[in-house]
Amino acid sequence: MLLRRHILKGALILLAATPALNACATGPASNRTQTQSLTEPIAFADWQDSDAGYAFYPTDKLDIQVPSAPELNRQAVVGQDGRISLPMAGQVMAAHKSVPQLEADIAKAYAPYLRNPTVNVLPTDTPMRVIVGGEVKGGGWVDMSGDMDALQAVMAAGGFTPAARRKEVVVIRRGPSGQAMRRVINLQNVIDGRGGELFAIRRNDIIFVPRSNIAEAGVWVQQHVNDLIPSGIMTYLLYNSN
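Under mature numbering (1 follows the signal peptide of the UniProt record, and there is no 0), read the sequence shown as residues -25 to -1, 1 to 217, first letter to last.
FYI, nobody ran anything at the bench for these hints, they're computed from the structure. Each residue gets a CB set at the ideal place from its N, CA and C atoms; glycine is no exception. Be a bit skeptical, because a hint or two may be false.
Each pair of labels, with its calculated beta carbon distance range [what the hints assert, rightly or not]:
no.	residue 1	residue 2	range
1	Gln50	Arg158	29 to 37 angstroms
2	Pro45	Gly134	28 to 36 angstroms
3	Asp167	Gly113	34 to 42 angstroms
4	Asp167	Thr136	13 to 21 angstroms
Taking the hints into account, I'd like the entire structure generated from these sequences.
Given below as structure tokens:
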């Protein structure tokens, strides 16, 4: 339980810090920049409810077809850094891209080698899941069985612990610009039948149930920097949307 909470706290930090990480290169200098970004004030983007449509995430699998050069057809997996590897063209950023965007980017990558290339991309395995953590009995990845709201996600993670602050449950989502957005919802009202917001969640949302007041979410996140541990859940969030 404690390990799962630490993993989820780390995921929150990294998602909030993603805009700063996007500008970093790889290597030691990148590590220093990442560390600095985690100590700076965190500014969440304004929440947007508009549906950005399907986007690729790390671990997604896809088929790539190049009709004019079928020898380049292949299956690919989006890596933990958000990229896919292509023959001749090298690496192309796939994370946070729609199917048409990725098709255009792959075609651009092949342009120096092929004449007017066209590319077709077909998602083949795209896990539908969210992360639930904090004061829940069984935090971690939760599979989405069709449409799901925030309360259903918490229940799928074992429900609230006695220490849970149900009035201020946090949903963090990557926005259209690539910056983290934060929404605080009151699930206590929903439980008590006093209305409230069921709040539909989306693939790869993070639902975090706090123990105490987190009105100053940026400050709260910074307090858990030391809880970072190596984890696939953390690297899932480390990709560039550009």
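Tested hints:
| no. | hint | result |
| --- | --- | --- |
| 1 | Gln50 with Arg158: 29 to 37 angstroms | holds (36 angstroms) |
| 2 | Pro45 with Gly134: 28 to 36 angstroms | violated (51 angstroms) |
| 3 | Asp167 with Gly113: 34 to 42 angstroms | violated (23 angstroms) |
| 4 | Asp167 with Thr136: 13 to 21 angstroms | holds (18 angstroms) |
Hint compliance for this structure: hints 2, 3 are broken, all remaining hints hold.
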